[in-house]
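Given chain X, put chain W in place with the hints provided.
There are 2 protein chains.
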Amino acid sequence: MIIGLVLTVSVLALLVAIALARWVLAMDNGTAEMRAISDAIQEGAQAFLKRQYRTISLLSVVVGLVIFLIYEIVRAPSPNDPHEVSRLWLALSTTASFFFGALCSGIAGYVGMFVSIRANIRAASAARSSLNRALQAALRGGAVSGLFVVAMSLLGVGGLYFLVNTITTVPVTKIPLMIVGYGFGASFVALFAQLGGGIYTKAADVGADLVGKVEAGIPEDDPRNPAVIADLVGDNVGDCAGRGADLFESTAAENIGAMILGSVLALRVQQANPAAAFSVVGVMLFPLVVRAFGLIASIVGVLVVKAREDEDPMHALNRGYWVTALLAALGFVGGTYWLLQFPGHPDAWWHFAMAGVIGIATSIAFVYITQYYTEYRYRPVKAIAAASVTGPATNIISGFAVALECTALPAFVIGLAIISSYDLGRSAVPGGGLFGTAVATMGMLGTAAYILAMDTFGPITDNAGGIIEMSKQPEEIRRKTDRLDAVGNTTKALTKGYAVGSAALAAFLLFSAYMDEIGFYTNRSFTTVDIAKPEIFVAALLGAMLIFWFSSLAINAVQKAAVNVIKEVRRQFSEDAGILAGTSRPNYARCVDIVTVGALKEMVAPGLLAVGMPITVGLVFRLLGVGAEAVAAFLMVGTITGILVALMLNNGGGAWDNAKKFIEMGEYGGKGSLAHKAGVVGDTVGDPFKDTAGPSLHVLIKLLSTVTLVLAPLFI
Amino acid sequence: MIIGLVLTVSVLALLVAIALARWVLAMDNGTAEMRAISDAIQEGAQAFLKRQYRTISLLSVVVGLVIFLIYEIVRAPSPNDPHEVSRLWLALSTTASFFFGALCSGIAGYVGMFVSIRANIRAASAARSSLNRALQAALRGGAVSGLFVVAMSLLGVGGLYFLVNTITTVPVTKIPLMIVGYGFGASFVALFAQLGGGIYTKAADVGADLVGKVEAGIPEDDPRNPAVIADLVGDNVGDCAGRGADLFESTAAENIGAMILGSVLALRVQQANPAAAFSVVGVMLFPLVVRAFGLIASIVGVLVVKAREDEDPMHALNRGYWVTALLAALGFVGGTYWLLQFPGHPDAWWHFAMAGVIGIATSIAFVYITQYYTEYRYRPVKAIAAASVTGPATNIISGFAVALECTALPAFVIGLAIISSYDLGRSAVPGGGLFGTAVATMGMLGTAAYILAMDTFGPITDNAGGIIEMSKQPEEIRRKTDRLDAVGNTTKALTKGYAVGSAALAAFLLFSAYMDEIGFYTNRSFTTVDIAKPEIFVAALLGAMLIFWFSSLAINAVQKAAVNVIKEVRRQFSEDAGILAGTSRPNYARCVDIVTVGALKEMVAPGLLAVGMPITVGLVFRLLGVGAEAVAAFLMVGTITGILVALMLNNGGGAWDNAKKFIEMGEYGGKGSLAHKAGVVGDTVGDPFKDTAGPSLHVLIKLLSTVTLVLAPLFI
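As you go down the protein sequences, you meet chains X and W in turn. Quick note, the first sequence lines up with residues 1 to 716 if you use our numbering. Quick note, the second sequence lines up with residues 1 to 716 if you use our numbering.
So that you can see chain X by itself, here it is in the shape it has in the complex (with noise of 0.2 Å):
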């Protein structure tokens, strides 16, 4: 029953979607001039899409042959094997749902994309008529793509769940082991796309932006720029089909790890009270019926936003947020009276109620904490636009002074968090302290499908001011579009600041997931990871080391993807001058293909290391005795270091590209002046830094989580 409401919830969210997509498609899709430029994204988009899914698959085979065989012949067989499961079961079901997770990511990437790359021109379009109008096509297109990753990850995980409760005899607390397959292989594919879609976008940003603007002089979004299309398809696949695998990952991943501390805290319960009657399997569900009415409440929070003409559109998309978040409290408090009865702990709902409202407050903190680094009002980006006065070398300073402080404030709130959620899941039940940590995760992922509509309303938004620009509409139609471009971007920078925090709260909930998988093959509790012995402070600091080494990577990656697009567009210029002239259409396809081939290319050797450091640190330290204990290690402090860098890279970049904005208004000379010199500069490191590195580093964070989760087995 309970499980039949989930799912109903989700398949419900999906025809809602469909609905949204609809509606949106059903706008009018501007002149033929605006369709020429939207046909042209569109299709690369999609070429790279196909490709990109391509290698992906081929890597997931590989991965999922390997699951299957380290569960089925590596694992020595031990006689005293206390899973009910029979080891066929075990591999199969892992491995299947690895695929399954997999696939479940990508189709939820490819609607997401076909949607935001359609809803581009119909919000350039409208915005011709109404600010309102665009502001809807945007948002609704967005959430789309919001829906179908959060509904996706809840129909994929409840689906298994019934799946295998149907056609096995496994007791059903000893499902959600059976499937942490999903999470591998949401966050497997994940990787990838964040990788893959953060180098092109940047690849081609700061391709165009070099020989465009800096040396041939033509603004931005110039149609003469041969890398204008491939920048404009960028934001699709970085922001939008990179975030949306990254959440997708977030939930899934949350879903599964929350289920195993559920089930194991109910089934302690339940041997402490056999008499009592308690639902151990409504504690298992708990997690999925409270992120089904998230679900419902981001509907609601979407469809009531509606802009004056003359409004911020911030503050129409924050009415929508806190109507969201209200709602999705309400429901939280509704899921803990209804689920959290703990037989002799009458108080034990509403504190894990409370727990959850901790979480929602801390996706609010770590908004306003975002923002205070990144926008201009703020002391940090006023402080880098008055050193751009003295060069580029001291903007470079300021910022990086500004990347690193902006990890303080973020580092208390999940501190708090995390000790405040554990004290109240410990005040409610005996032994309920972890679960008190995941109820508050649940609380923060709450809102998710909202903030993922929220950011892939940027791409659109970004793609529609392009359009505007490229097709020579007039003035007051692309102020419009920039005012939504400027909304845009806040809320990109928010989404980063959302998915680093619910990272941080997931990933601790994960790692406890870990150490009872761990103490339910070896029939040991395990429960301690001691930094102290020297084996296990080692693999600490490979652990952070892995997130130095990888974030040297992405960087790179950007880098040498980018020169090839440089040395394009500089052929392109000089072997037609009538491009610059205006008179010949550059060859916007070249530089596409160029782009998607570096990508896909220069993804792979950080997402290699990303899957392969984990598990030769567990193999080499199980050799001397410790495997399972060092990567509880390695993937803590590692997670530690990895919130901290993706912070400062993601802000960093953030505070540099609105400190350019600033001196833009007219600050310090203006457009033009030294300053904005030094601003353009800085703004031009930050690219890959909040755009590739920073957003690779959540999903980073999640997979070593993940990885750790399905091949425990291989570490003891």
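Keep in mind that the hints were calculated from the coordinates and are not lab data. This one's a predicted model, so the numbers in the text were calculated from it and none came from an experiment. Any given hint could turn out to be false.
List time: in silico PhoX-like cross-link candidates among lysine-lysine, alpha-carbon distance up to 25 Å [unchecked claim]: (1) K560(W) <-> K382(W); (2) K560(W) <-> K382(X); (3) K213(X) <-> K677(W); (4) K661(X) <-> K560(W); (5) K560(X) <-> K382(W); (6) K560(X) <-> K661(W); (7) K677(X) <-> K533(W); (8) K382(X) <-> K567(W); (9) K671(W) <-> K533(X).
What follows is chain W alone, placed relative to chain X:
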């Protein structure tokens, strides 16, 4: 008898240092013109040191009082107090040793600076006749600093041990715990010396470069630049006094930490073999003995250095280093054979000797890795230079990618060193694992005096070049000092790598000492730091975050102090046109004064954060009942992150510096090209990274250990 040997060698080393100083001071001190410049440097450096020491003294008095109060009053009386030391004695000896450590560090820093700011003009003068004479003047001038630092730290620890042993009846194995204040005193001075010096040197450098080189277009070290003397002073107060204090702290903290671990191990062995003839004191004093042997090795190493006139001076310095390393290794083997004969474990001594050799090998590995990442013969620097062709943005991106990447190899090396030395120790004698890592640390620090001599060689030759340049000596002499200066840049970079590596190894030993100390106070074994507990995980997160926050403050401090220099240089240029024309003498003293005031002001905030945050974390988590364990996690993960961020900042800065030099050698268009301009931007960005924030982090890492060692009673 053993302690007598240690004290004798320390005093002897000081006498050798004085003899070397007399040898250097007896050299020709150049023309009147050269002396005028050198005098200005001396004046500025001494004025800064005087004011800096006054500030540090004031802060020290406050901290000393706080320590006394904590030990005497705050700590709740415990009826089962297990230690045979009276409370008052403990409070007195800890406080007194804190002051003594601070004092010794100050004396070592002062003497080193006193000689180095006099050796610069002698090296410059000698360069007019012989390269070898100039090289020897600089190295032996630097050796005064190196020998004083290491000998004073040895004399301090040894002397305190002797004193406490003579005037109290405390069991000898408890003495190290009574003098932990010495290490904290040394750390405390080191933090402010390195922060103040680092801010000074880079504020002056950035200020001089931005107005002089970039705005006015005059060359480096041009006498028309009002900030040029401040810049030359900066090299002394940053590299010489700062790094000296850094290594003073390393050796002092390591001595005490290793003594604590040695006494714990020796007592355990004695209890297991009560009948055997075995010297507990010998094991405990072993660290001091091998340090004494290292001093002798360094003296020989310094004295054998002699360069042919046509030789690369780096080769001559390397020969000296290999001699030192070889002799230190021999001393190690001898020392282990003499003192580490454990009853029933005839193989133990050579297992420990091997651990020492691992430490020496680690220091060599760090030297080579640092070279790879910072010299233009290798890929990383070449890649940055190549990326400069497309402007400052790609130069910065590429440099940042190198900075992130360079953390990987050192992490593997440290990991290997810790695990293998731990394993050797464990196989030598049961429970000897930690002492094995301690012995490796001793091995790594064995050549500290020679390394420090090479490091101080840097500012001396840099200053010699400046004096030659400013006094307009012939081109051929300038070429000679340029060669020495280039070598000095390399040795400075290598020392930083060495300092990080030794900090990493020393840290592992120091937190073990901290845990032993907690065990001593609580009379309960404290061996586990479990980051799977939420509170401990959060403390670890905060430890990592401190590194980012501290780095931000340090980098910002340079920026703030530099602004005042920029304004002053601009003011002088605009108010007196004769300065740029070369007809009026600029007001050097005013610039020196401005940087002094600025650096001292700006060093306070990061300094207070570094001291205050571990204490606050300890007190807050004490309320949650996990003070001691939380502090340990804070410390350990802070150290891990600190090592990686320090490597990133140091090597990134060094790579940017040399990428610029590579372009200046004629690559990618050479001086004045666009690539060169981009290279200058990268170099400027790297300045506060490599000379302020990075080196301050080495100190911070060790300060975290020593502050927690001293304040341990507060966290229980």
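Structure-based check of all given hints:
1. K560(W) <-> K382(W): Violated, at about 32 Å.
2. K560(W) <-> K382(X): holds, 15 Å
3. K213(X) <-> K677(W): holds, 19 Å
4. K661(X) <-> K560(W): holds, 23 Å
5. K560(X) <-> K382(W): The hint holds at about 15 Å.
6. K560(X) <-> K661(W): holds, 23 Å
7. K677(X) <-> K533(W): Violated - the C-alpha atoms of K533(W) and K677(X) are around 49 Å apart, more than 25 Å.
8. K382(X) <-> K567(W): holds, 20 Å
9. K671(W) <-> K533(X): violated, 52 Å
When the structure is compared with the earlier hints, violations turn up for hints 1, 7 and 9 and for no others.
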